[in-house]
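**Q** Letter by letter, the chains look like this.
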Amino acid sequence: MTQLALVIDLNVCVGCSACVTSCKEWNTSGSAGPLVDERPYGENPTGTFFNRVQTYEMGTFPNSETMHFPKSCLHCEDPACVPVCPTGASYKRKEDGIVLVDYDKCIGCKYCSWACPYGVREFDEQEKVMKKCTLCVDRIYDMTMPEADRKPSCVKACPTSARLFGDIHDPESEVSVAIREDGGYALMPEWGTHPSNHYLPRRKTKMKIHADELERADNPLKLDQQLPKPDKDQSTMDDVSAW
Amino acid sequence: MSSTPLHDPLAPPVAGATTEIKKTTCYMCACRCGIRVHLRNGEVRYIDGNPDHPLNAGVICAKGSSGIMKQYSPARLTKPLRRKPGTERGAGEFEEISWEETFTLLADRLGELRATDPKKFALFTGRDQMQALTGMFARQFGTPNYAAHGGFCSVNMAAGMIYTIGGSFWEFGGPDLERSKLFIMIGTAEDHHSNPMKVSLAKFKREGGRFISINPVRTGYSAIADEWVPIRPGTDGALFLAIIHELIELGLYDREFLVRYTNSGQLVNLDAEHDEFGMFVRTEVPEEEGCYDPQNKLWWDRNTDKPVVTHTEGADPFLRGEFKLPDGTPVKPAFQLLKDRVAEYTPEWAEGVTGIAADTIRRLAHEMGITARDQKIELPIAWTDSWGKEHETVTGNPVAFHAMRGLAAHSNGFHTIRALSILMTLLGTIDRPGGFRHKTPFPRPIPPCARPPNDPRAVQPNTPLDGMPLGWPADPDDLFVDKEGEAVRIDKGFSWEYPLSAHGLMHNVITNAWRGDPYPIDTLLLFMANMAWNSTMNTSEVRKMLTDKNENGEYKIPNIVVCDAFHSETTAFADLILPDTTYLERHDVMSMLDRPISEFDGPVDSVRIPVMPRTGECLPFQEVLIELGTRLKLPAFVTQDGARKYKDYPDFIVNWETAPGSGIGFLSGWRGKGGEKSMKGEPNPNQWEMYAKNDCVHHEVLPRSYQFMRNWNKGYLEWSQRNGITRYSEPILIHLYSEVMQKFRLAAQGKSITRQPPKHLAKRVETYFDPLPFYYEPLETQASDKLKYPLSAVTQRPMAMYHSWDSQNAWLRQIHAHNYLYVNALTAKNAGIGDGDWIWCESQWGKVRCMARYSESVEPGTVWTWNAIGKAAGAWNLTPDANESQQGFLLNHLISEELPKQADGSRFSNSDPITGQAAWYDVRVRIYKAEEGEPQQTSPQFPPMKKYPGMKDAPTWLAYLAGAKKKGGAK
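In order, the protein sequence lines correspond to chains A and B. One rule links them: number in our numbering = place in the first sequence (from 1) + 266. One rule links them: number in our numbering = place in the second sequence (from 1) + 3.
There could be a bad hint or two in this list.
[Said to hold, decoys possible] Label pairs and their computed distance ranges (CB to CB):
{"id": "1", "chain 1": "B", "residue 1": "THR286", "chain 2": "A", "residue 2": "PRO328", "range": "46 to 56 Å"}
{"id": "2", "chain 1": "A", "residue 1": "MET333", "chain 2": "B", "residue 2": "THR363", "range": "42 to 52 Å"}
{"id": "3", "chain 1": "A", "residue 1": "PRO328", "chain 2": "B", "residue 2": "LYS392", "range": "16 to 26 Å"}
{"id": "4", "chain 1": "B", "residue 1": "LYS392", "chain 2": "A", "residue 2": "ALA414", "range": "20 to 30 Å"}
{"id": "5", "chain 1": "A", "residue 1": "LYS360", "chain 2": "B", "residue 2": "PRO706", "range": "31 to 41 Å"}
{"id": "6", "chain 1": "B", "residue 1": "THR22", "chain 2": "A", "residue 2": "ALA414", "range": "14 to 24 Å"}
{"id": "7", "chain 1": "A", "residue 1": "ASP497", "chain 2": "B", "residue 2": "THR286", "range": "36 to 46 Å"}
{"id": "8", "chain 1": "A", "residue 1": "MET333", "chain 2": "B", "residue 2": "THR315", "range": "54 to 64 Å"}
{"id": "9", "chain 1": "A", "residue 1": "LYS470", "chain 2": "B", "residue 2": "PRO943", "range": "49 to 59 Å"}
{"id": "10", "chain 1": "A", "residue 1": "GLU331", "chain 2": "B", "residue 2": "PRO793", "range": "55 to 65 Å"}
{"id": "11", "chain 1": "B", "residue 1": "GLU252", "chain 2": "A", "residue 2": "ASP497", "range": "19 to 29 Å"}
{"id": "12", "chain 1": "A", "residue 1": "ASP497", "chain 2": "B", "residue 2": "GLU395", "range": "10 to 20 Å"}
{"id": "13", "chain 1": "B", "residue 1": "PRO943", "chain 2": "A", "residue 2": "MET333", "range": "47 to 57 Å"}
{"id": "14", "chain 1": "B", "residue 1": "VAL704", "chain 2": "A", "residue 2": "ALA414", "range": "42 to 52 Å"}
FYI, nobody ran anything at the bench for these hints, they're computed from the structure. Just so we're clear, the structure is a prediction, and the values are computed from it rather than from any experiment. We treat Cβ as the ideally placed atom computed from N, Cα and C, and that holds for glycine.
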């Protein structure tokens, strides 16, 4: 059984928000659209975004880290948002595991957003329905697009390729390999929802310098420390002393 | 309910829509990625990266993805506007006029100025991408008063590197992360070079490269660094000099590279009585005076123990020591002088300046030196050097650097960047795999050949300027000064105050024009430069200057014309507003004559092609210039009989040539009658169509043997010469030691045969024109009470905003609607400031009220904020209560465009004394909690800007769905 998901590499995410607005621009005019913005040119603008980047600082100066953390629906294998939905609007697709909202059934009761441990559902204040990441379901199966484009908009946009997309149930897929080999982990597994999206941790490259590497046989100082000989006509002790 | 979904997520959202995909080039920042614009029923449905474009290969950033909201922004200006007669400038009262009236007004007034005193017309532009055209217009007009934004952006980066290695970061070169093993990023603005940097940095990290970030602040790129080294602002030069000290001490430099490709071994005349003191000893006068380094200098040969002409076959120079020429002249190799210079710059000394532990500085030096030496790359690429020696391979020392405004925007930035360039050179990394790589049209001779005029007589009525408005002085005779040594330009560019101001000093134009120093002007034309807000220093005072009047009740700057696509703060001060188009509505060229988008492997230029019809009466600024140039009968735009030469901008781009029949024009692709030629060839009437068919981009991949070592690569330099990129193919030796600097110093010491500075400037020139880099505390810091103002204040550039451009963008402003002052938590606590408190941040020049935010990612002596998020109330058609103006703030109010008055009453720009680079990041501040009961609102505040005729009402909600009807409105 297929489970599509994103794997997000925190080791390379620079927090540029390309995924945030490329998601917005695709989906506002896509099948989940429009994605409404309230007070777009006024005080405290707020709108529907399926994907947001949060930035955290960890530790204390100077031993601190800045972490950019993109967050969207994790398409859980056992999503908490689905069973709580009174109308069946919140559902998980059998064929690919994508969790979707059927806007025509949604009554805007927000049970799903209360149930979701990850806070990734977005209520549309104009249409009064719940919206959320669709993994760009209207891109990935659109056969009118070239195959290379049949990916979620955020994945395609990401300048650091921090977002991988694929089937985590296929052990040979790029995402499964990344999870397996680069320490992929799920968020808050204790909630038991089995999130499909995974994150890859920071990985540091260090350099070890051995003392003897600072001195080498081919050190140019061997040449450059040989300074020129003084002029023969310079004064020396010979000029004044016979000892 | 049935379990079958009612809503089909795969169904088209707008049934039966017409769709279309068009390609052009992004302009949401200066990166210039290839984009595909997807249209639905004629509206923009989606903008994504063009996968076939060499720059971004399909990726796109937050700004690029939000182009839709720029296109449909309610802040757009759509009609030419004139300040209502009888209203005050700055009041924002405008009336519509036609383009015909606009052109008549402009042509009459500018025609009069051109016929009498062309320098009374000043044209200054912001982050435009058509400097080759705007500069040409100014030159044709005959005014020297032209510059783009470079003087207040990163001219130190350009000049410091170009005067040292003949190339620079960003458009003209960059780090080769594909092959690098160690990457050091220092003081970078995160939008330079945006997507290519992100792409290559991520790849570099994935492939196991080590990334060190040196920056007072840990944001964006620095967040993913393997190591963050916090540094005090403005002290980077001290760090580089200490690293150089350590590398020389341990012999961790690439001797072979220094000997053959730099002036390290060249002998410097050290006879203090000699007119040529501090200059290289020359064997003979070159046959031809040209813009290149003649090969007539000397080495002291180790083998024969006597002086020989450099690069003599079989010779090997001493890099150290002291010698006497047969005529008794004492000389030292340049490298020895560098060693002498850095002797005092020990890591321990630098620790006290930079705040970085001496051990860390040493380790950084070791990491660089050892990686460069032990991880050498040998590529099987045969090439021939300028002296005819054939090399079997290209060698790389895989240590790469990137730096930008963090180094540049200090008054000691030129020397800092010279020091960085020398460090990169010692490691042997210039135009080599894994190091720094050039991009065509660089490298160029040091300095490049374009010269500013050097005589006030270059400005004549009804005559083009005799010289380039901007250029690269090689000695004091290239300065643009009068007999008394006074500046000819309004911004005092190329004067003794700022001799190497290659990009002008736009930040002083308004102040100088207001004061009438060196003279008053009549018309100031600003193109997309927000000089009444975030692009100016001393914002509050400069706004007053724009409306200040003389005793006759006339404005001190009589006529201000602003061309912009948006309702910027500056438009309020215009007498005439020219509504520009967006990037989706016009033709543009990213030209080889300007700042193209070349890759390491060869020249690349590109175009924009309109994908949307123009909105309202918007007219691209290029068309304005062509039309105005034609009406003013500027020679480049009319035939000999004064008739119109070019129908419009596209026609101009196709047919204009640098000289009749030269075959060199704005675009390098598909030249020749049938488009069969590249770089050079006859105009091709179908050139635009051919660009359109080829992703709007022309990329010529050079043979592999021309892709490296280009300063000294015979094949490349001759290719460059054949294609009219450069006049000379002589090798471009790296200037470890700068004779250009020494020439100015000699002039200041009264020793030169060149012009000499006025007395009151001699000491300044003598001090700063040091042929070797040295460290000095930034000028404003020197002139600040550091006990009273203990902190440095700097700005960073958010990745999701470009300058002031995006607060009018409904999506991007939700990412940064207002800014905080980030303060190290300990520093804040010591000042009694809580997280989120309203505080005052005060410099010797002014103060702003803003909100503090604790941070552990900033060194304790620095406070910082995001640049240009704060806006004036009502500007950009935001509501007057929008966060940008109520909680957002501008640091510019704290920064002066001038240093404190000198003892004799004279004033210097708050700039680098060599290049005139605006010293944005030198300001010193203190912070304290706002009083109880003070308004929880940013200060200063200004009366809200009004909406102008032709602007849309800003909706209170938005539900954008391209190609469908309902989009938003009032509730």
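**Q** Hint by hint, note whether the structure agrees.
**A** Status of the hints after comparison with the structure:
1. Distance hint check for THR286 (chain B) and PRO328 (chain A): the Cβ-Cβ separation is about 54 Å, which falls inside the suggested range of 46 to 56 Å.
2. One distance hint, 42 to 52 Å for the beta-carbon pair MET333 (chain A) and THR363 (chain B), is violated here, with the actual separation near 23 Å.
3. A hinted range of 16 to 26 Å is violated for the C-beta pair PRO328 (chain A) and LYS392 (chain B), which are about 48 Å apart.
4. About 46 Å separates the C-beta atoms of LYS392 (chain B) and ALA414 (chain A), a value inconsistent with the hinted range of 20 to 30 Å.
5. A beta carbon spacing of about 56 Å between LYS360 (chain A) and PRO706 (chain B) contradicts the range 31 to 41 Å that was offered as a hint.
6. At roughly 18 Å, the beta carbons of THR22 (chain B) and ALA414 (chain A) sit within the given window of 14 to 24 Å.
7. Separation of ASP497 (chain A) from THR286 (chain B) is about 21 Å and departs from the stated range, judged on CB atoms against 36 to 46 Å.
8. Judged by the Cβ atoms, the range 54 to 64 Å given for MET333 (chain A) and THR315 (chain B) holds: they are separated by roughly 57 Å.
9. A C-beta distance of roughly 45 Å is found between LYS470 (chain A) and PRO943 (chain B), which places it outside the suggested range of 49 to 59 Å.
10. Against the hinted window of 55 to 65 Å, the Cβ-Cβ separation of GLU331 (chain A) and PRO793 (chain B) comes to about 27 Å, which falls outside the hint.
11. Remark: the range hint 19 to 29 Å for GLU252 (chain B) to ASP497 (chain A) is upheld by a beta-carbon distance near 28 Å.
12. Distance hint check for ASP497 (chain A) and GLU395 (chain B): the Cβ-Cβ separation is about 41 Å, which falls outside the suggested range of 10 to 20 Å.
13. Our hint of 47 to 57 Å for PRO943 (chain B) and MET333 (chain A) is violated, since their Cβ atoms are close to 35 Å apart.
14. At roughly 22 Å, the beta-carbon separation of VAL704 (chain B) and ALA414 (chain A) lies outside the given 42 to 52 Å, and the hint is violated.
Hints 2, 3, 4, 5, 7, 9, 10, 12, 13 and 14 from the earlier list are contradicted by this structure; the remaining hints agree with it.
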